[in-house]
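Novice: Every letter in the sequence shown is one number past the one before it in full-length UniProt numbering, and letter 59, counting from 1, is 59.
Bear in mind the hints are in silico, worked out from the structure with no lab data behind them. Possibly wrong hints are sitting among the right ones.
Across the chosen pairs, the derived CB separations fall in these ranges [unchecked claim]:
(1) D58 <-> T31: 31 to 41 Å
(2) R48 <-> E83: 25 to 35 Å
(3) Q60 <-> T31: 16 to 26 Å
(4) R48 <-> A78: 17 to 27 Å
(5) T31 <-> P59: 12 to 22 Å
(6) R32 <-> N74: 11 to 21 Å
(7) A71 <-> H40: 12 to 22 Å
(8) Q46 <-> S70: 12 to 22 Å
(9) T31 <-> D79: 28 to 38 Å
(10) A78 <-> T43: 14 to 24 Å
(11) D58 <-> E83: 11 to 21 Å
Every value quoted in this text rests on a predicted model; they were computed, and no experiment measured them. Don't be surprised by glycine CBs; every beta carbon is placed ideally from N, CA and C.
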Amino acid sequence: MRRLPVTAVTLLSAALLAACAQGEPEPTHPTRSAAEAAWHTSTPEQRRAYCDAYSKHDPQHPIEVPTHQSAETNEEFADDFYEVLKKQC
1 MRRLPVTAVT
11 LLSAALLAAC
21 AQGEPEPTHP
31 TRSAAEAAWH
41 TSTPEQRRAY
51 CDAYSKHDPQ
61 HPIEVPTHQS
71 AETNEEFADD
81 FYEVLKKQC
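Please put together the full structure from these sequences, using the hints given.
Specialist: Here it is in structure tokens:
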């Protein structure tokens, strides 16, 4: 049986280690909810409007909840978005 040169073994070991290290990367920040994502993707003008409506608590001018794509119902999303407004405004 022939022995592999040391450089070949070193390169093979490095390639295997690199392949093992390429698993799922862990997120560097906590995953956002759909409501948090809607807040962060809104424009500064929209955020001001959300906060103005939130601070007034006026039933004649309710908070305009943005559209969303999530598994939540509209009511659940609206509740979550209200909680985001509590933190952000």
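Novice: Checked against the structure, which of the hints given earlier come out wrong?
Specialist: Numbers 2, 3, 5 and 9, in rising order.
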